[in-house]
Each structure stands twice: as C-alpha cells, then as structure tokens.
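Construct all of the structure, not just a fragment, from the sequences and the given hints.
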Amino acid sequence: MSSPRVTPPSLVTAARRVFELSFGEMLWSRRTIFMALVVGGPVILALIFRVIESLGMPALRVNGARVAGSSIFGVMMWMLYIRFIVPVLGVFYGTALMADEVEDKTLTYLFTRPIPRGAVLIGKYLAYLACTGLIVLPSVMLVFFLVMPLGGGGLRAIARGFPDLLTDLGLLGLGLAVYGAVFAFIGAQLKRPLLVGLFFIVGWEIVVLSLPGYLKRFTVAYYLQSLVPHAMPQDNVVSALQSFFQESTSPAGSLLALAVILVAFLALAARAVERREYVLEQ
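Numbered according to my numbering, the sequence shown spans residues 1 to 282.
These are computed hints drawn from the structure, not numbers from a lab. Worth double-checking, as some hints may not be accurate.
[To be verified] Label pairs and their in silico Cβ distance ranges:
no., residue 1, residue 2, range
1, Gly253, Val51, 39 to 45 Å
2, Pro114, Arg50, 50 to 56 Å
3, Ile206, Pro251, 20 to 26 Å
4, Pro114, Arg31, 25 to 31 Å
5, Arg50, Pro163, 21 to 27 Å
6, Trp28, Arg192, 23 to 29 Å
7, Val12, Ile48, 41 to 47 Å
8, Ala130, Ala267, 17 to 23 Å
9, Ile52, Ile206, 26 to 32 Å
10, Leu137, Ala259, 18 to 24 Å
11, Gly203, Trp28, 27 to 33 Å
Glycine included, each C-beta is placed from N, C-alpha and C at the ideal position.
If you want it as structure tokens, here you go:
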C-alpha cells in the first residue's frame, strides 16, 4: 500500500515559514548590532542639539539666523537617512540574504525541503524588511521628537510636522524595500556581491546623480529624493547640495518607477535562486 503523496506548500506558505525561521536569526545577528550603532548616530546628534538648546544657545545657526527644528529634521532625513542609512542597510542585508546561507553552509538544509527555491529568498527578504524596519523607524521617531521643538517650535511644531513624519516613515520603508530587492538580486546572482553593492551606492549613484542627462534615472536615489516632504533650508551649503543633486520626476512617476524596480528585481532575484547552482566551499 503506497503512502499518501505529500503536497508541497505554496510559495506564500513556504515564504512565511522561511520568514519565521530567519527573522529571529537576522534580528540578533552581529550585522544588526552594527547597524543599530549606525542608526544611533542621528539620535546622538539630536540629543546634542537638545543639550545645546537647553543651555540657552541655538542648536544651529545659518547666516546668523536660528534654524528651526523642522528644517534641521528635514536635513537629517535627507542627508543621513535617505542618502546614507537606507542604502547602507539595503546593501549589507540584501546582498547577504543568500550569501550568508552559502557561507554558513546551511543552504543545503533549506534547498532539500519540499519548497520552491524562490520562497527561500522571498522569506528572507521579508525578514530583512521587518528587521531593518524595527531598527530604522524607532530611530526616526526619536530624532523627530527631539529635534522638532528646537528653535522655539515646541509642541505646535510636533503637531504640524506629524503628517510629514508619517510620510517619512513610509518613504523609509519604501526605500528599504527597493534597495533590498536590488541588492537581493545582486546577492543571488554574484559570488562577491558586497563589493558590487558598495560600488553602486558609493560610486554609481553619487556620480551619476551629479551628471546631467538621463543616467540618473538608473538609480534608486533619483526617485526617492523627489518624495522627501521637507523643504531644505535656503542660502547655505545644504541647499546648494540639494539643488545640485535634485532634478527629480513627479511624485506619481517616482512611486511607479520604484514599484517597478521593486517587483522586477525581486522577481529576478527569485528566478536567479531557482536557476543558480550553489557550490558550498569545503
């Protein structure tokens, strides 16, 4: 009498199981501890601003004028989170989704299970989103509540800026999702993906965004920066930098482009995992 045939789980079910397996491991990894230190930098900077303000001095002056907390928060969002922290988190986590399994020699355990190979990548990608969200979003909220009252804004500034905070949180989540999908594909496709990922965010995006023409449309930052809800302070170095880099498309066009990039690269990453033959070094 033959044993009943076991039906393999669907892609969604398999991805959920991989997510449950990977989330805890990813959250308590050494990489996450290091990244928590990185996102702690803006919080420390915000605390320094508050201490300076409590001593009766302006936290920041530009051309002799006190800068409002909303403007300081906008600069920190644009320069620290959008342009630095989100891409760095994306490259360090995204490129490691499959590379860590290969390095730890645990990939065979996952691939011998009766689940689609692509579900392994998707489940680990979802764990990456949850893990980085738990790291970045609390940091942004702390910076918001510390910085917005600066310059005499008080609780009114917090209330006025709260809708922008919600937009910021959504924008950061979108940035983490898109960068993660791009680097997940690079990690699934290449043997040494971290170097390529670092070149993309440190070399390609920075250089191309400063050039005229259409090449900047082949970056993620070009579309993200058009969605930042804050107006940068005027007549200073930060404003000059923003005007130098920011030649962006419409918000609707940016959202569409980011959605296409996310879906396309995540699908390509899953396809690469399905087709690639991984060789574990002895």
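Hints versus structure:
Taking the beta carbon of each, Gly253 and Val51 are about 42 Å apart, inside 39 to 45 Å as hinted. For the pair Pro114 and Arg50, the beta carbons lie near 55 Å from each other, so the given range of 50 to 56 Å is met. For Ile206 paired with Pro251, a C-beta distance near 23 Å keeps the hint of 20 to 26 Å intact. At roughly 30 Å, the beta-carbon separation of Pro114 and Arg31 lies within the given 25 to 31 Å, and the hint holds.
Between Arg50 and Pro163 the CB atoms are about 23 Å apart, so this pair conforms to the stated range of 21 to 27 Å. Taking 23 to 29 Å as the suggested C-beta distance range, the pair Trp28 and Arg192 conforms, at roughly 26 Å. Separation of Val12 from Ile48 is about 46 Å and conforms to the stated range, judged on CB atoms against 41 to 47 Å. At roughly 20 Å, the beta carbons of Ala130 and Ala267 sit within the given window of 17 to 23 Å.
Range check, Ile52 to Ile206: Cβ separation about 30 Å, and the 26 to 32 Å hint holds. At about 21 Å, the CB distance of Leu137 to Ala259 agrees with the hint of 18 to 24 Å. Taken as a hint, the range 27 to 33 Å holds for the pair Gly203 and Trp28, whose Cβ atoms sit roughly 32 Å apart.
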